[in-house]
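Quick mapping for you: the protein sequence lines, in order, are chains A and B.
Counting from 1 along the first sequence, just add 53 to a position and that's the residue number in my numbering.
Counting from 1 along the second sequence, just add 1 to a position and that's the residue number in my numbering.
Because the hints were derived from the structure by calculation, they are not lab data.
Treat each hint with caution, since some may be false.
[Said to hold, decoys possible] Rough simulated footprint, nothing fancy, chain B against chain A, three-plus residues with beta-carbon under 8 angstroms:
1. 141-148
2. 201-214
3. 234-247
4. 273-283
Bear in mind the structure is a predicted one, so any value in this text is a computation, not a measurement.
Beta carbons are placed, not taken as given, at the ideal position from N, Cα and C, and that holds for glycine.
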Amino acid sequence: MNKSNNTSLLSGFNAMFRRDCLQYIKNPSQLLNPLIFFVMITAAFPFAVDSSKLQLTQIGPGIIWIMAILSYLLTLQHLYLDDADDGCLDYIILSPQPLPLLVLAKICAHWISSGLPLIIISPIIGIIYQMQVDTILVMIATLFFGTFALSLIGSIGASLTISINNSNILVSLLVLPIMIPILIFGARTIGLYQAGTTTISGLYFMSAYCMFALSFSPFASAAALKIGSE
Amino acid sequence: MWTFLHKMASPRYFYSIATSLIPWFLVSGLILMVAGLINGLFYAPPDYQQGDAFRIIYVHVPSAYISMMAYSLMAFAAFVALIWRIKIAHAVIVGAAPLGAWFTFLALLTGSIWGRPMWGTWWEWGDPRLTSELLMLFLYLGYMALRASLPNLAQADKLSAILILIGAINIPIIHFSVEWWTSLHQGPTLLKAGGPAIDSLMLYPLLAMIIGTTLYFGSLLLVRTKAEVLNREKNSRWAKKMLSGDQL
């Protein structure tokens with residue numbers, strides 16, 4: 054497509070992806086603070102409610118999923134706002150590479166730096182909530198599809214608000230209603246597995262929702278970034 | 002047909018057509034609503050199961066219908082506005098949003114009041130219509146919040162139109178997932194879908210209320226859109242003339 058610039062689509066995607074990953078690694082606090090928030094609040098819940106084993110296994114999946122979404126919302130401001138502040142975003146938009154592809158690279162880097170650590174740390178929270186090992190595996194599967202869908206949906210909210218200062222709460226207001234299906238299926242799939250019912254349909258739905266979000270999120274985000282940085 | 006549509010896309014023609022349409026919408030809507038209410042509240046027979054409590058459907062069903070119709074209208078206008086860049090469509094969205102949010106709130110409120118004698122509770126998480134209506138209200142509020150925090154008019158128009166389209170393609174999924182989720186709860190036992198066929202003495206007032214409320218909504222929408230158009234065109238010659246009191 055852009056042969057005249059001697060660059061292929063894949064190299065643009067890779068460059069964007071690598072740059073964003075590096076940027077997240079260079080600012081570990083951006084990455085770690087939401088994670089610590091996730092661990093601390095989920096660990097604080099048993100103090101507030103009855104901490105018997107039955108109670109914890111019942112509320113565990115819901116709390117883990119609510120907190121995953123909340124800590125995820127905290128990371129969204131780094132997705133585009135940092136680039137918008139230092140002017141990089143204008144160059145990304147002006148680049149000859151198709152913007153939706155670059156946006157997708159940014160989303161993938163965001164998932165690697167926010168979703169993956171959350172998945173890695175989630176077994177600890179599962180143990181706090183008295184989950185069995187096989188339940189933890191189901192939880193990891195829901196978090197895998199779910200967090201990627203959260204990155205995709207969150208990207209729309211973040212790109213719609215790049216021209217607004219202190220937009221953190223606004224982003225949450227915009228994307229939370231759209232994230233509700235992920236919350237329902239994520240938490241209920243774990244809950245159903247604990248109750249001994251079939252769970253594979255829940256995972257099917259989450260992967261389907263992920264693919265669906267993948268089909269429109271990069272384009273919507275790219276359009277919003279273009280309008281927002283005018 | 003096309004010339005008419007092109008004319009409607011011009012703020013000035015829209016303004017004058019809307020001005021002449023508003024009284025028709027308002028009067029016919031009010032007549033239908035008054036007739037529907039009187040017949041529904043006094044002449045329709047009481048329900049054999051719910052007694053007189055069912056009569057709240059004459060307010061509840063039209064509000065719920067308009068809450069969905071208004072969002073569809075906004076989504077359609079957002080589509081038109083983004084693809085064909087018709088400025089009037091943005092004004093229509095701005096006009097429709099608070100009305101839609103208000104009717105959504107009314108639908109929730111009347112549903113809750115209805116639920117108290119029927120289900121024995123103000124709020125029932127087991128009913129998917131109630132919960133997806135709540136999420137609908139959140140979508141309206143999100144739109145208005147985004148709109149309110151963007152000072153640049155052109156930017157606010159386009160960005161909020163994108164948000165509406167994203168919300169519109171997600172509404173079926175939200176509704177479906179809420180329904181799936183509630184089907185795992187115990188279903189509402191008192192009120193079942195597909196109950197006894199509705200009596201025509203109950204049905205006609207309901208139809209009158211639905212059509213009347215829609216017309217009433219239409220007249221309010223035209224008034225609000227007119228004001229929005231005038232505000233946007235306040236520097237054009239026809240708007241200045243209008244504002245100084247002359248007729249068009």
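| query | Checked against the structure, which of the hints given earlier come out wrong? | reply | 1
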